[in-house]
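Protein chains in written order, with my numbering: chain A, 24 to 295; chain B, 1374 to 1739.
Treat the hints as calculated values from the structure; they're not laboratory data. Hints are supplied without guarantee of correctness; some may be wrong.
Simulated DEER-style distance windows between Cβ atoms [said to hold, decoys possible]:
#1 B:R1404 x A:K247: 36 to 46 Å
#2 A:Q206 x B:G1405: 26 to 36 Å
#3 A:K227 x B:F1672: 53 to 63 Å
#4 B:G1405 x A:D215: 16 to 26 Å
Away from chain A, derived, C-beta distances all over 12 Å, residues of chain B [what the hints assert, rightly or not]:
#5 A1545
#6 F1630
#7 I1632
#8 N1637
#9 V1657
#10 L1662
#11 A1665
#12 N1677
#13 W1684
#14 D1716
Derived coverage of chain B by chain A (criterion: at least 3 residues anywhere in the stretch with Cβ under 8 Å from a Cβ of chain A; other residues may be distant) [claimed, not checked]:
#15 1390-1397
#16 1427-1435
#17 1567-1573
#18 1576-1588
#19 1701-1712
Each residue gets a CB set at the ideal place from its N, CA and C atoms; glycine is no exception.
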Amino acid sequence: MSVTAFLTDSTLCIGCKACEVACKEWNGVSEDGLDWSGYSYDNTGAVGASTWRHVKFVENPPQPGFGGNAADIASWTFSSDVCKHCEEAGCLEACPTGSIVRTEFGGVFVQPDVCNGCAYCVVSCPFGVVARNEKDGRAFKCTFCYDRQKVGLQPACAKACPTESIKFGEIENLRLRGQERLQELHSRGMNDAHMYDPVDTSVKGIHAFFIVRGDERSYNLPPKPEVPTIYLKDGWKSSAFGAGMLLAGSLLAFLTARGSNGSTQRLRNGRR
Amino acid sequence: MSTLPEHRRDRVPDTSSEARLLEIRREAESRGVVQAEGVRPPGAPFPKASPETGYYGIPLLKEPQWKWEVPLYFFVGGAAGSSAVIASMAQWIGRDPELARDARLVAAVGGALSSGLLIADLGRPARFLAMLRVFKMQSAMSVGAWTLAAFGTFSGASAFAQFAADYFDSAAIRVVGNIAQGFATALGLPFHNYTGVLIGATAVPVWNENIKMLPVHFGMSGLNSGVSILELMGHDESTALNTLGIVASAVETFEGFHIETNSNREVEPLKHGVTGWTTRVGGVLSGPLPLALRLISAFTKSRNLRRAASWSSIAGSIVTRYAWMYAGKASAKNWRLPLDIPDETAAPKKPTGIAQTTSSLTERVS
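Excised from the complex, chain A in its bound form (with noise of 0.2 Å):
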């Protein structure tokens, strides 16, 4: 089995959803409410329980040239975000049941019949992607459409994508083609075009990078994410001086108080 990822190229998108309908439809995810939320055309505002694929509409100022727009039209990227499939995800470390995986694709798969609604994947996830379906009370992501890859497909959102803004393959091999695009793209003079992989980060890189045109952070894409895992060295010590802190003290005030007034002197007095 070959380790197997996203390249997201927001450069290709058009925005017309056919990821999220095509997510939605294989993997039977309900829909999530029909709220006009006045940005640009997403109305869609993240991924969650019940949003696996989100495109993202980042709309600028008007910028000629860009993208091959007017000089007049607000110029637009789209970018369609998914589960990262962290090297070091956050919700899997977080996991008390275990439930959450890693597959023999790299990908991170919450198994539903072994998840028990807990909710701290929910809080560790530094992309905000993992949420727990209140009418349920299991967490839910994109799954990388395990099911199909099992049999030697790709994902239902790469499949259905009309201009191969998703693409799906062999890790490295998709780095490789991202960079390739890049050079492509710089060529065409859009400097400003990277790829968003935080391999530096404590999340040791993802399975879901990213073409991005100008700052990643108008794509909601954190510049720093990190597995929170990092913490609990911190955290530990700090409950070990905190255990210290009850136990000599509790200690010290059973001792000192031995003898004088107070309980001792109540049980002598025969009071129960």
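Model the placement of chain B on the given structure of chain A, informed by the hints.
The following block gives chain B in isolation, referenced to the frame of chain A:
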């Protein structure tokens, strides 16, 4: 296919499913390109996505989805864990069997109540068992669930043996009870403050910023409430309990001071807005107020003052846990922090009618 819902569980990719995906693709190809220029909706112009406003100011992180049971569990667990330690100290060091007896009871009831509260948040009792499938050192939730299960068992056994010894005066029962109490004490030490590690080792900025103080803070808050519950059960003449209450309130006073003097923007939810004032109320009720009352009562021997200190500590301990929970929710909503965007920039104007990106729960908090 276990990933699929019930009614589609047997579905595997076949020619019709693949044809359907291609149909979606063809439809997107032909109709997915927006030709119209669009209209300017009322309330425009809306914020743009930019390095100053992030992605329309939509929070990156998900809010903690724990319900009311979880902060209450933090409170009950803290009191129960501390009580188990107090019980052993009272029995073997303080020679106060009455206090030891009640402390064992508090630990056992607290342990059972903790499990109940956790199960209530999970939804179904069987779901708690899933916690015991594996043990993961790198998951504070796993360590905590095992600690809770073991603590509940041993503190329960300890209290049960104590009652059994009342009816059957047997040395064997007392020995078994004391052994169980020994284990309950050892487990009570991590159990009374692990919840600080639990919330500290997360992606929520206000929590992980305070990882070094949270376990001590929560632990001393737990001790404060454990001591206070025992005092209200009639042990309000125990000098040792008053000493412990003074120590716990003093540490809580220091922690409150620590929060107030921390100028990092991650701790903002603990200082501003509703969550900030809740934190302050919790801090005063569990820190300086009971500290003063206890110090005075140490000299005046006033039982009323001690009772007031006990009630104040218990209330403060509960309020503190809720304050931290809602501060976490407020913190996760701060879109600037994970994107490393400075505060000075103006907040993007929120268009009317946005419903999905903010939950109604935290709407009330901020």
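Do the hints match the structure? See the list:
About 39 Å separates the C-beta atoms of R1404 of chain B and K247 of chain A, a value consistent with the hinted range of 36 to 46 Å. Checked against the given bound of 26 to 36 Å, the beta carbons of Q206 of chain A and G1405 of chain B, roughly 28 Å apart, stay inside it. For K227 of chain A and F1672 of chain B, the Cβ-Cβ distance of about 59 Å falls inside the hinted range of 53 to 63 Å, so the restraint holds. Take G1405 of chain B and D215 of chain A: their Cβ atoms lie about 25 Å apart, and the range 16 to 26 Å holds.
Every Cβ of chain A is farther than 12 Å from the Cβ of A1545 of chain B; the closest lies at roughly 26 Å, confirming the non-interface assignment. In this structure F1630 of chain B is separated from chain A by more than 12 Å, as the shortest Cβ-Cβ distance comes to about 17 Å. With a minimum CB-CB distance of about 15 Å to chain A, I1632 of chain B clears the 12 Å threshold, and the non-interface call stands. Remark: the non-interface label on N1637 of chain B is consistent with the geometry, its nearest Cβ contact in chain A lying 15 Å away (cut-off 12 Å).
V1657 of chain B, annotated as away from the interface, keeps every beta carbon of chain A farther than 12 Å; the closest lies near 21 Å. Residue-level check passed: L1662 of chain B sits 20 Å from the nearest beta carbon of chain A, beyond 12 Å. Against chain A, the non-interface label of A1665 of chain B holds: every CB pair exceeds 12 Å, the least being about 19 Å. The beta carbon of N1677 of chain B is kept farther than 12 Å from every beta carbon of chain A, the shortest such distance being approximately 17 Å.
Consistency note on W1684 of chain B: stated as away from chain A, and its beta-carbon is indeed over 12 Å from all of that chain's, at 20 Å minimum. Its beta-carbon lying about 14 Å from the closest one in chain A, D1716 of chain B satisfies the requirement of being farther than 12 Å from that chain. Coverage of the region 1390-1397 of chain B by chain A holds in this model, with 6 residues showing a Cβ closer than 8 Å to a Cβ of that chain against a need of three. Given a C-beta distance limit of less than 8 Å, the hint that chain A covers the region 1427-1435 of chain B holds, as 8 residues qualify and 3 suffice.
Counting residues of the region 1567-1573 of chain B whose beta carbon lies closer than 8 Å to any beta carbon of chain A gives 6, which reaches the threshold of three, so the coverage claim holds. As drawn, the region 1576-1588 of chain B meets chain A at 9 residues by the rule of a beta-carbon pair under 8 Å; at three or more, the given contact holds. Coverage of the region 1701-1712 of chain B by chain A holds [criterion: at least 3 residues with CB-CB distance below 8 Å; count 5].
Comparing the model with each numbered hint stated earlier shows that all of them hold.
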